[in-house]
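**Q** Make the full structure from the sequences, and use the hints.
Protein chains in written order, with UniProt numbering: chain A, 1 to 433; chain B, 1 to 433.
It is worth saying that the hints were derived from the structure and are not from the lab.
Since the structure is predicted, the reported quantities are computational estimates derived from the model, not experimental observations.
Hints may be right or wrong, so weigh each one.
[Said to hold, decoys possible] Stretches of chain A that chain B covers, calculated by requiring three or more beta carbons in the stretch to come under 8 Å of a beta carbon on chain B:
id, segment
1, 28 to 37
2, 295 to 309
[Stated by the list, open to error] Far from chain B, by Cβ distances over 12 Å, these chain A residues were calculated:
id, residue
3, Leu48
4, Pro49
5, Arg239
6, Arg356
7, Ser367
8, Thr400
Yeah, the Cβ is synthetic: ideal placement off N, Cα and C, and Gly gets one too.
Next come the chains, spelled out residue by residue.
Number of protein chains: 2
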Amino acid sequence: MTIAIGIIGLGTVGSGTVKIIFENQSLIKKRLGCPLLIKKIAVRDPSLPRLVQVPDTLLTTEVESLFRDPEIKIVVELIGGLEPARTFILEAIKAGKHVVTANKAVLAEHGQEIFKAARDAGVDVAFEAAVGGGIPIIKTLKESLAGNRILSLTGIINGTCNYILTRMTEENITFEEALLQAQKEGYAEADPSLDIDGLDAAHKLAILTTLAYGTEVSLNDIYVEGIRDIEPTDIAFAREFGFVTKLLAMCRETETGLEVRVLPTLIPEKHVLASVRMAYNAFYIRGDAVGDVLLYGLGAGQLPTGSAVVSDIIDIARNILTGGSGRVPPLSYQLSNLVRLPIKPMEEITCRYYFRFSVLDRPGVLSKIAGILGENNISIASVIQKGREEGGPVPIVMLTHEAKEASVRQALKEIDQLDVVTAPTKLLRIEKP
Amino acid sequence: MTIAIGIIGLGTVGSGTVKIIFENQSLIKKRLGCPLLIKKIAVRDPSLPRLVQVPDTLLTTEVESLFRDPEIKIVVELIGGLEPARTFILEAIKAGKHVVTANKAVLAEHGQEIFKAARDAGVDVAFEAAVGGGIPIIKTLKESLAGNRILSLTGIINGTCNYILTRMTEENITFEEALLQAQKEGYAEADPSLDIDGLDAAHKLAILTTLAYGTEVSLNDIYVEGIRDIEPTDIAFAREFGFVTKLLAMCRETETGLEVRVLPTLIPEKHVLASVRMAYNAFYIRGDAVGDVLLYGLGAGQLPTGSAVVSDIIDIARNILTGGSGRVPPLSYQLSNLVRLPIKPMEEITCRYYFRFSVLDRPGVLSKIAGILGENNISIASVIQKGREEGGPVPIVMLTHEAKEASVRQALKEIDQLDVVTAPTKLLRIEKP
Chain A
1 MTIAIGIIGL GTVGSGTVKI IFENQSLIKK RLGCPLLIKK IAVRDPSLPR
51 LVQVPDTLLT TEVESLFRDP EIKIVVELIG GLEPARTFIL EAIKAGKHVV
101 TANKAVLAEH GQEIFKAARD AGVDVAFEAA VGGGIPIIKT LKESLAGNRI
151 LSLTGIINGT CNYILTRMTE ENITFEEALL QAQKEGYAEA DPSLDIDGLD
201 AAHKLAILTT LAYGTEVSLN DIYVEGIRDI EPTDIAFARE FGFVTKLLAM
251 CRETETGLEV RVLPTLIPEK HVLASVRMAY NAFYIRGDAV GDVLLYGLGA
301 GQLPTGSAVV SDIIDIARNI LTGGSGRVPP LSYQLSNLVR LPIKPMEEIT
351 CRYYFRFSVL DRPGVLSKIA GILGENNISI ASVIQKGREE GGPVPIVMLT
401 HEAKEASVRQ ALKEIDQLDV VTAPTKLLRI EKP
Chain B
1 MTIAIGIIGL GTVGSGTVKI IFENQSLIKK RLGCPLLIKK IAVRDPSLPR
51 LVQVPDTLLT TEVESLFRDP EIKIVVELIG GLEPARTFIL EAIKAGKHVV
101 TANKAVLAEH GQEIFKAARD AGVDVAFEAA VGGGIPIIKT LKESLAGNRI
151 LSLTGIINGT CNYILTRMTE ENITFEEALL QAQKEGYAEA DPSLDIDGLD
201 AAHKLAILTT LAYGTEVSLN DIYVEGIRDI EPTDIAFARE FGFVTKLLAM
251 CRETETGLEV RVLPTLIPEK HVLASVRMAY NAFYIRGDAV GDVLLYGLGA
301 GQLPTGSAVV SDIIDIARNI LTGGSGRVPP LSYQLSNLVR LPIKPMEEIT
351 CRYYFRFSVL DRPGVLSKIA GILGENNISI ASVIQKGREE GGPVPIVMLT
401 HEAKEASVRQ ALKEIDQLDV VTAPTKLLRI EKP
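**A** Pasting the structure below:
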């Protein structure tokens with residue numbers, strides 16, 4: 001017996017997947033009990049150079065030939081983007097093929113349609129590679145923590161942002177300089193906005209929140225801020241207070257509702273997430289039974305992402321060899337048990353805050369600011385006021401105790417209108433995951 | 001449909017398992033698609049007080065009644081130790097029950113017998129809870145990394161030792177003082193030798209090595225040193241060189257064979273494993289495709305270990321609901337593909353070394369020591385010589401470049417016979433996982 005697969009797309013992840021299956025063929029057979037056979041690879045242009053050597057006979061430009069081939073049991077979609085990926089996935093399902101994909105965008109936007117079609121057709125759809133590259137976060141949430149109520153999930157889930165913030169932190173360079181480095185090193189695209197504005201993280205967080213809480217999440221429900229406006233001076237002040245600046249994606253159950261957001265955030269420097277440097281990703285999960293668990297690794301790249309694709313292929317092959325499909329529901333909860341929990345508006349969340357006020361160095365300024373904060377029920381935990389230019393602007397940096405976002409916004413609005421305030425106040429949230 | 005289970009043992013892990021199933025019953029049903037029912041719990045003395053409230057009607061002293069009950073599909077062995085655990089597991093298998101166990105000792109000693117019986121009976125045996133508490137290390141090796149050649153696995157896999165070493169490091173106290181604290185806090189047994197002498201770690205490492213490399217490993221093959229002889233002064237000197245002292249369990253493929261050992265080891269303080277403090281465990285895995293992955297969490301305790309047991313129960317329930325057993329081979333490789341790879345003798349390994357010589361403060365001592373090291377092909381990377389008592393003993397601390405264990409032993413034998421050497425040289429290995 002052999003499990004035959006068809007792959008759509010031979011870009012970075014496709015090449016990694018093929019390379020792993022070729023090189024570790026005999027090892028995979030010893031584990032799975034039978035070989036994996038790549039029968040066809042659909043590409044747009046067979047003459048293009050590739051990252052992996054593939055016999056010409058495997059390549060085809062006709063995607064439909066994969067769906068028509070009765071030997072192919074698993075179709076692996078690795079072209080990314082919304083269309084034609086969505087159509088290919090749905091056609092594969094209709095043809096009775098199981099599907100493996102690394103496509104977080106298509107799942108975040110069309111997941112419902114895809115998973116319902118798969119259920120009706122009695123096939124599996126697996127997507128470990130869509131979040132966290134080779135880190136087994138999807139399987140861990142769906143299987144290893146299946147007995148747990150998930151209290152919170154906090155992740156560093158965008159390698160580009162973490163790379164930029166790490167270099168800004170360790171070399172005291174600006175965002176623009178760090179971004180340029182990231183582009184040079186291949187960690188950021190020419191157009192980096194999907195990453196640095198937080199949308200990539202939001203796509204992934206939408207999927208993770210569904211897996212953790214059994215709730216459908218649309219991107220609009222997720223409050224997102226990227227890292228474009230982070231300045232080295234804030235990273236440096238935060239360090240003086242013992243905090244590290246990270247782009248955190250977080251979902252959390254609270255007594256007053258579900259919180260889901262992507263934000264640049266200060267975390268204590270001794271927290272294990274603070275040690276996640278450069279392009280590494282990490283997921284910090286708190287379960288009611290398991291306590292705190294961290295998964296850490298490379299969240300992107302040809303081979304790490306290929307590793308996740310291959311593990312999904314093997315997983316489905318095991319289902320084919322021993323029984324039916326639908327063994328583990330694709331979104332962790334049975335589709336019939338998925339709900340739509342309300343997500344708490346950002347204004348209602350509470351956390352600690354970091355403020356950097358830009359003020360004129362005049363008597364009474366601090367008391368004015370403190371007064372407005374007090375009126376808005378925001379209590380100050382510590383203050384640094386440094387340097388002074390006679391009559392010129394100086395920074396006052398402040399950490400608060402727990403406060404409500406709405407109060408903070410109201411207070412900053414009032415403070416930023418003071419005539420001694422020379423620039424909009426910088427604001428960062430502080431969390432202890 | 002309901003999946004009925006029987007549990008043997010209602011100690012720490014048993015209580016945790018029952019608590020999780022009771023409290024998260026409806027959540028588990030939403031994920032699994034049907035409820036888990038605890039039908040019987042076998043205990044020695046039903047009148048004993050328990051960590052969880054259980055209806056009297058569930059308790060029985062007759063273990064055999066679980067095997068005879070046709071409704072019970074899964075038997076969960078949580079009494080630990082070799083016998084009668086082994087017998088109960090084999091009887092359950094013979095009765096056609098799937099088995100979940102948290103018992104690393106019985107697997108390390110009788111795994112072969114148990115897994116072959118399970119294969120012949122067509123039932124599953126799962127044991128996520130046997131290593132790393134709630135951390136999904138077993139599933140990650142067997143499933144998520146199934147496409148990878150494992151290059152190395154390095155773990156902090158004994159919480160008691162890590163707790164003791166952390167307190168010694170952070171508070172500069174002796175081993176004895178830290179052990180006492182560990183016992184007070186419930187992190188060490190009254191007789192702590194299984195933990196502190198490294199045998200518990202060796203049991204776990206034997207299992208992990210089999211999963212990673214498809215090789216049978218006996219405990220005798222594993223070179224083990226515990227942490228009894230670690231002194232605060234060595235921990236402090238190591239820190240001056242930028243290293244942290246951890247009890248590491250490691251298996252690794254090298255060109256000259258498989259290395260498997262448990263040793264107190266110095267690792268660079270910036271390595272992510274160095275930040276694993278107190279009773280936390282961590283597994284650092286290097287795969288040829290996935291790169292470096294870390295899994296981190298609580299390696300013991302009622303609820304974390306119960307979390308792993310429940311995930312195994314759910315896993316098997318899913319097999320029962322959708323198909324056959326034997327979906328994933330219990331030892332990652334198909335039983336017929338298990339081999340017995342030779343393990344490299346400790347004398348043949350190479351690594352960097354930390355030495356602390358106790359010598360009389362006389363001219364020419366360092367040159368004598370350096371001479372012997374040189375004759376044995378051991379090259380010195382750095383030296384600290386501190387303090388001096390006129391004519392009295394002083395420590396000389398030295399780090400080497402890569403050297404061979406056999407050469408090191410020979411050199412230290414010669415050095416320790418010098419009349420200027422006042423005490424046996426302290427030796428620690430240095431690794432960069």
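**Q** Establish whether the coverage given for the segment 28 to 37 of chain A by chain B is satisfied; the threshold is a Cβ-Cβ distance below 8 Å, and no fewer than three residues must meet it.
**A** With 5 residues closer than 8 Å to chain B, the segment 28 to 37 of chain A meets the three-residue bar; holds.
**Q** Compute the least Cβ-Cβ separation between Pro49(A) and chain B, then decide whether it is above 12 Å.
**A** holds, 22 Å
**Q** Arg356(A) clear of chain B by more than 12 Å, beta carbon to beta carbon?
**A** holds, 29 Å
**Q** Test the statement that Leu48(A) is away from the interface with chain B: the closest C-beta pair must be farther apart than 12 Å.
**A** holds, 23 Å
**Q** Is the Cβ of Thr400(A) farther than 12 Å from every Cβ of chain B?
**A** Thr400(A) clear of chain B: closest Cβ-Cβ about 28 Å, beyond 12 Å.
**Q** Can you confirm whether chain B covers the segment 295 to 309 of chain A, using C-beta to C-beta distances below 8 Å and requiring at least three such residues?
**A** holds (count 10)
**Q** Is the claim that Ser367(A) lies outside the interface with chain B correct, judged by CB distances over 12 Å?
**A** holds, 41 Å
**Q** Quick one: work out the minimum CB distance from Arg239(A) to chain B and report holds if it exceeds 12 Å, violated otherwise.
**A** holds, 16 Å
Consistency with the previously given hints is maintained throughout, with no hint failing.
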